[in-house]
Amino acid sequence: LPLTSSMSWPALYTQLVGANRHATSLGKIWLSVLFIFRVMVLVVAAESVWGDEQSDFTCNTLQPGCENVCYDQFFPVSHIRLWCLQLVFVSTPTLLVAMYVAYRNHRDKRKLLQVAGFLSAKGQDEELETLKKRRLPIAGALWWTYACSLVFRLLFEAGFMYALYVVYDGFQMPRLVQCDQWPCPNLVDCFISRPTEKTIFTVFMATTSSICMVLNVAELVYLVIKLIDAILFWIILFLSFKLCIPYKLIKTLSF
Numbered sequence: 065l066p067l068t069s070s071m072s073w074p075a076l077y078t079q080l081v082g083a084n085r086h087a088t089s090l091g092k093i094w095l096s097v098l099f100i101f102r103v104m105v106l107v108v109a110a111e112s113v114w115g116d117e118q119s120d121f122t123c124n125t126l127q128p129g130c131e132n133v134c135y136d137q138f139f140p141v142s143h144i145r146l147w148c149l150q151l152v153f154v155s156t157p158t159l160l161v162a163m164y165v166a167y168r169n170h171r172d173k174r175k176l177l178q179v180a181g182f183l184s185a186k187g188q189d190e191e192l193e194t195l196k197k198r199r200l201p202i203a204g205a206l207w208w209t210y211a212c213s214l215v216f217r218l219l220f221e222a223g224f225m226y227a228l229y230v231v232y233d234g235f236q237m238p239r240l241v242q243c244d245q246w247p248c249p250n251l252v253d254c255f256i257s258r259p260t261e262k263t264i265f266t267v268f269m270a271t272t273s274s275i276c277m278v279l280n281v282a283e284l285v286y287l288v289i290k291l292i293d294a295i296l297f298w299i300i301l302f303l304s305f306k307l308c309i310p311y312k313l314i315k316t317l318s319f
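So for the sequence shown, the numbering used here puts the first residue at 65; every next one is plus one.
A couple of the hints might just be wrong.
[What the hints assert, rightly or not] Pair by pair, the computed Cβ-Cβ distance ranges are:
| no. | residue 1 | residue 2 | range |
| --- | --- | --- | --- |
| 1 | Ala205 | Val281 | 19 to 29 angstroms |
| 2 | Gln236 | Val288 | 29 to 39 angstroms |
| 3 | Leu291 | Ala166 | 18 to 28 angstroms |
| 4 | Asp244 | Thr156 | 36 to 46 angstroms |
| 5 | Phe268 | Ala203 | 36 to 46 angstroms |
| 6 | Asp293 | Leu240 | 33 to 43 angstroms |
| 7 | Arg145 | Thr271 | 14 to 24 angstroms |
| 8 | Leu303 | Tyr229 | 50 to 60 angstroms |
| 9 | Val281 | Asp244 | 39 to 49 angstroms |
| 10 | Ala205 | Tyr229 | 11 to 21 angstroms |
| 11 | Asn124 | Trp208 | 51 to 61 angstroms |
Read the hints as simulated data drawn from the structure, not as lab findings.
Keep in mind the model is a prediction, meaning the values are calculated, not measured.
Cβ coordinates follow ideal geometry from the N, Cα and C atoms, glycine included.
Given only the sequences and the hints, what does the whole structure look like? Please build it.
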């Protein structure tokens, strides 16, 4: 089976959707871009373009082993495998949010069961159902978990983009490469199949990766602004309490 087909993308999508229920609007857009413009394109189209990568890599020599070493020189890691690895790494930080949410739900469920004796059976079921469907506000420990997941996503995206650029010397796929590795008898010319199509897909994947990075930065900025707003709220509330001045008046004067 092809690599992209054998991977369990639906299972990963299910886990990310569960965590994304507690995300911001930008986080939901990020998930759509990730799976519609990256995973779907990778599964449906990119695999067929790179499927003949090694078999159609030809060199103008009959020396045994020459084509293999030249291919290894110019393609040390397959684009498909690198992109699959990138998507797995980029998706993993979001699972940290899912783990924290699961921990919170388990903790609150345990607290609910401790006071379950004061509720009827129907009331217990309703409370448990509400607990499962609730959307946690991004505050406190969840804020830090979510912000850290965004930072790690940014680092992974940037790291893999840099690796792709360095390993393949840019995003342009050449039509011809020259190789003088042993056991090639001399400087031989090697030809890459579908170079234009591969260039288009490489640029497309790099562009969508950049879009995801922009969304991550925007979401991180949004979270920081919300945090500052919350801190200002508590400062104003504290001043209102200490100075015995109405909250609305202090808020008006502070802005």
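A quick look at each hint next to the structure:
| no. | hint | verdict |
| --- | --- | --- |
| 1 | Ala205 to Val281: 19 to 29 angstroms | holds (23 angstroms) |
| 2 | Gln236 to Val288: 29 to 39 angstroms | holds (37 angstroms) |
| 3 | Leu291 to Ala166: 18 to 28 angstroms | holds (24 angstroms) |
| 4 | Asp244 to Thr156: 36 to 46 angstroms | holds (40 angstroms) |
| 5 | Phe268 to Ala203: 36 to 46 angstroms | holds (37 angstroms) |
| 6 | Asp293 to Leu240: 33 to 43 angstroms | violated (57 angstroms) |
| 7 | Arg145 to Thr271: 14 to 24 angstroms | holds (20 angstroms) |
| 8 | Leu303 to Tyr229: 50 to 60 angstroms | holds (51 angstroms) |
| 9 | Val281 to Asp244: 39 to 49 angstroms | holds (43 angstroms) |
| 10 | Ala205 to Tyr229: 11 to 21 angstroms | violated (36 angstroms) |
| 11 | Asn124 to Trp208: 51 to 61 angstroms | holds (58 angstroms) |
Against the hints set out earlier in the document, violations occur for numbers 6 and 10.
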